[in-house]
Each structure stands twice: as C-alpha cells, then as structure tokens.
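Engineer: Letter by letter, the chains look like this.
Protein chains: 2
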Amino acid sequence: MDYKKLSSEILSKGSFLCIGLDTDLTKIPKHLLDTEDPQFEFNKQIVDATHHFAIAYKPNLAFYEAEGVKGWQSLEKTVCYIKDNYPDLFVIADAKRGDIGNTSKLYAKAFFEKLPFDAITVAPYMGEDSITPFLEYPNKWVILLALTSNKGSLDFQHNANADTDQSLHQEVLTKSKKWSTKQNMMYVVGATQADKLREIREIVPDNFLLVPGVGAQGGSLEEVAKYGMNDSCGLIVNSSREIIYASNDKNFAGAAAKIAFEKYQQPMRQYLQAYGLLWCNFFLPSISSVIYGRFFLYSPSKI
Amino acid sequence: MDYKKLSSEILSKGSFLCIGLDTDLTKIPKHLLDTEDPQFEFNKQIVDATHHFAIAYKPNLAFYEAEGVKGWQSLEKTVCYIKDNYPDLFVIADAKRGDIGNTSKLYAKAFFEKLPFDAITVAPYMGEDSITPFLEYPNKWVILLALTSNKGSLDFQHNANADTDQSLHQEVLTKSKKWSTKQNMMYVVGATQADKLREIREIVPDNFLLVPGVGAQGGSLEEVAKYGMNDSCGLIVNSSREIIYASNDKNFAGAAAKIAFEKYQQPMRQYLQAYGLLWCNFFLPSISSVIYGRFFLYSPSKI
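Going down the list, the sequences are from chains A and B.
Using the working numbering, the first residue of the first sequence is number 2, and each one after it goes up by one.
Using the working numbering, the first residue of the second sequence is number 2, and each one after it goes up by one.
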C-alpha cells in the first residue's frame, strides 16, 4: 500500500486507528478456547466487527511466538484472512526485528514474501544495513523505533549526542531519513511522550508516525492529533488491550467495536475535521453512525 | 546452564566456539532438499559432526522465519534435538528481540518455556523494562547487543553522550550491569571491533561476551582472545557460514568439523593454555586429536 492510498483510506473512514492484535490465550473469552484455533478465531471476530472503524491492524509477534508453531499458524491465518477479505486494510508486523544486512534480508522475506504484511517495526540499534533490506520492497514499509512509549525509553533514547546536539531518537530520525523516503519509512513515537511530537515533526514533517500508548498506557489522543498531524494526517494511532479486551463475554467483538467507534473513530473524525482534512457533514447521517447502529443498537446482548 | 558449568564446559573441551546455524535452503547441499525437513536434517548432521569442538550453537531466527510455519517447526526440532542429545551444549536463540515489558515477558516465554533455549540475544534500544523479563528465568541468559560486527554499528553505537562521556555501547554495558549479574547477562561484541575489547573489559570484566564476526566477516580470533579473555575465559566466539558451508557435497558435515577443529578449536585450546586456563599436555595425545582422526583421517571422501 502506498502513501497516497493510506492517506485516502484514512479520510474515507474518518479514522487513523490501528488495532493491536495482542492476542493472549489467558485473556480472550473462555468459550473460544474450545475452537480449533482460538487466537485466529478471536482475531477474525475482532477484525470483522471493527474494520469499519480502523485502517490498520497490528499483530504483535510475541503473542504468537509464545504459542510456538501453533502460534505462527494462527499469525499466518490472521494476516492472510485480513488481506484476503479486507485488502484495503494496512497490516503491520509488530516484530521489532533488525540484524546484520544479510540476515535482515531474510526477515524481510519472512514478513513481506512469506507473509503478506504491509509493514514491519524495526529496531535501529544496528544501523543502516540492518534497516535498508526492508526498504527494497515496493509499497512495503519500515516502521522504525524512534521514541517508544515505555519507561525504558528514558534509558537511552534521550541521550544527548556530544557531537550533534541531538538526542538519540532525533538522530535516528535524522539519519534514517537519508536512507529512505516518506513512501517507505514511518516512525514509532509513543503517545506517552506527545510533548516531543512537535520537535519530531520538525525533523520528519511528512512521514507517517505509528503512535502506541494511547489508552491503557495513558497517552492522550487529543495531544497526539494536536502536535503530530500533518496535511496527509500522517498518524496511525494504535490501541490494543483497551479495545480487544473490552469484554470477555460472547459479544466481545461488539464490545470492541463500541470502544473503537466511540473512543477512537468518532474523536478521530472530529480531529480530521478540525484540522481541515475532512469536511463536516452536519446534515447527512455519517456512515459510521449507521454502522454503529447495526453493531450496537441491535446487538442481542447489552454491552 | 549456569556460569560455572559453562566455564567448565569450555575448559573440558578446550573450546569457546559457538557455531551459528544460519541454515539457508539456497545454500545447503542439494541432496538434503529431498528430505522431509531439510533445515533440521542439515542442522542435525552439523551438530552431530561438530559437537566435540563447540560448546554452543546459535540458530539465527531469521533463517527459520523466512520459511514460515515450516521453518518454526525446523527450529523447534533443532533446539529440542540438541538439548535432548547433548544437554551440555549451550543453545542461543539469535533473535534480537525486545519490546515493552509485558510483551518481552511473552518473548521470554516463547524462547525459555515453549522452546528450551539457554539464552536469547536482545536489542537494548527500548531500555530496562524490555530486558528484565528475560532475566527472571534461573540459569537462562540475556545476550545484549552492545557493539555489533556490522558496518551499521558505526551509525549510533559510538555516539558520545554529552552528559556521561560514554559512547552508547559503553552506556548500554554500564546501565545494564545494574539490572543483572554475570550469571544471567552476556554481551554481543563484534570481533571486527576487537580494538574496543580492552575498554569493554574495563566496564564488564566478568561477563561472558558473545563475539560474532570472526571468519567470513574478517575479525581476528587472536585479537579477541588477547583483549577479551578473562579468568573464566569469558568468551564465546561465533562462526557461522565459514563452518557450516565449508562444503556442499555429501560429506558437508565432516568438512564443517574439519574447519571447526583446525581453524577454531585447536587455536582456542592454545589460547586457553597461553592464558593459563588450561594445562599443556605434551605427552598425552589430546582427545581432540583422536576425535579429529575419527572424523577426517578415516573419512570416506576426501575433504
């Protein structure tokens, strides 16, 4: 998927939401454990119920690797199911890979050829040759860790470089910009550090940013939109646990859709309108509201 | 496996060699492609032929992930085969993982519970909480990237911190030492940067170092031993391609053993003797020589 298509999907859905498929067998509804492939079954129902409100899905590899070979089968089924049924969705392998050049080439093969992911998260510590093999695939993306949402981001990512006066995460942005284009490179910037978004936008005004840490981790969607949005939106905001584990009864997917719609897609549409990227349509009922009605108002169980 | 046991394995074999199982289906002998599981079959024969000369094996995950679900099956079979048949071998998942704390916990589960690896390589960019979940497993190890062997290591790992006067890789060593002990933490230091080993040993005198980059990448074993060895040896030197792809005929495993013995284990034994960690036995034929004879002198094909 290219930059233009991704921006147009965001405007067409009025959403820049990514849903993290951190599918943990100890947290999904118990009744799914009797199915043949509980991780896949959970993901399928979540995607079917929420895809009107999200433009991207992000399986985190750890949750699948923790189940061994069976987990990889569930991962493969999940990404193929999404791309077969909803080809306009953007699917991210949250894998945080990175190795010497020859080896990164094989990771690129794993995620872009063997599996149909659109993008992969990559760690920058090993530098240019660990990243560039992923950039050779047309319409595929690297999402490079810049400033992460966790406490450990304070350990090294803010280090001030004595020679350049840039902090490490700023230098990651500055250097990697030279190896890539806005068409194949995005950056991870945690919502918990939204105050840094303004400086980051000075270095990478055009690139998409993948922003985790809204929701369970405490980041503010409003601040992310305020400091991070550019004239193509340029944001993909991720929420995982808050959406996918909204309920653990039989209508868990409906409950997830309710959160995705009310807490994310609705405000996101408003931010896109407020920043002049979408027209306001006061007189026409929005498509989202119609879909919302279908999912919740006529839902057989109370949410 | 604990520190003492690992040191004693090194002295008992007169070797600190790790063989990297970077098993690429385009490079292994063609006749293996007709077997049910070529990656596993190749690994099994390599391990059976070389285990007298090596104390560790290191499958790099990229080579298995590139084959999808089948690759994970081959990986699982490989690590289980090694631990079942040679429980004294140290097996490293070269995975370069690292994520927010909750997610790193699942990677630890994947490699230390679901699979019986002794150690995993971890990337430091995301800081303390991305690393500590791996440290909670007794007798399991984190091998943290400090100074890698590739060209891209020059991009960020030598950055001078304006506040501490340490370069980034030195700071990774200094900070991570506080989160761990020499019993559960090793560091990756590339042999191509052996001149930095002296400074690194000042920061982490007791920790084991995993040293890639000898052989195909051009690092010098002699320099690594000179600047890196401590009084428990403290080194695990990896070679992958040079050993495992020594030949691609039917006796590829014998050819691998020949390189492992002649180019690595023999000099390693001499370094261990030269640095006073092993006695020299001039009068007794060494066990290695007997094994060497078995593998090569009576080998049916010329190597």
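Simulated from the structure, these hints should not be mistaken for laboratory data.
The model shown is predicted, which means the values in this text are computed figures rather than measured ones.
Misleading hints may appear alongside valid ones.
[Said to hold, decoys possible] 27 Å max Cα-Cα, derived BS3-like pairs, lysine-lysine:
1) K106/A to K152/B
2) K152/A to K176/B
3) K71/B to K141/A
4) K31/B to K110/A
5) K197/A to K176/B
6) K176/B to K106/A
7) K78/A to K31/B
8) K141/A to K152/B
9) K152/A to K71/B
10) K179/B to K71/A
[Claimed, not checked] Some chain A residues near chain B, calculated using beta-carbon distances under 8 Å:
11) M2
12) K6
13) E66
14) Y108
15) A111
16) P117
17) A124
18) P125
19) D130
20) L146
21) N160
22) A163
23) Y246
24) A247
25) Q271
Just so you know, even glycine gets a beta-carbon here, dropped at the ideal spot from N, CA and C.
Engineer: If a hint holds in the structure, say so; if it doesn't, say that too.
Structural biologist: Consistency of the hints with the structure:
1. K106/A to K152/B: holds (15 Å)
2. K152/A to K176/B: holds (14 Å)
3. K71/B to K141/A: holds (24 Å)
4. K31/B to K110/A: holds (21 Å)
5. K197/A to K176/B: holds (24 Å)
6. K176/B to K106/A: Violated, because 31 Å separates the two Cα atoms, which is more than 27 Å.
7. K78/A to K31/B: violated (31 Å)
8. K141/A to K152/B: holds (24 Å)
9. K152/A to K71/B: Since the Cα atoms of K152/A and K71/B sit roughly 36 Å apart, the hinted pair is violated (cutoff 27 Å).
10. K179/B to K71/A: The hint is violated at about 37 Å.
11. M2: Status violated, d = 22 Å.
12. K6: Violated, about 27 Å.
13. E66: Given a least distance of 4 Å, the restraint on E66/A holds.
14. Y108: Nearest chain B Cβ about 5 Å off; hint holds.
15. A111: holds (4 Å)
16. P117: violated (12 Å)
17. A124: holds (5 Å)
18. P125: holds (6 Å)
19. D130: holds (4 Å)
20. L146: It holds, given that the least Cβ distance between L146/A and chain B is near 6 Å, below 8 Å.
21. N160: Result: holds, 5 Å to nearest chain B Cβ.
22. A163: holds (4 Å)
23. Y246: violated (13 Å)
24. A247: violated (18 Å)
25. Q271: With a minimum Cβ separation of about 29 Å from chain B (threshold 8 Å), the hint on Q271/A is violated.
Hint check: violations occur at hints 6, 7, 9, 10, 11, 12, 16, 23, 24 and 25; the rest are consistent with the structure.
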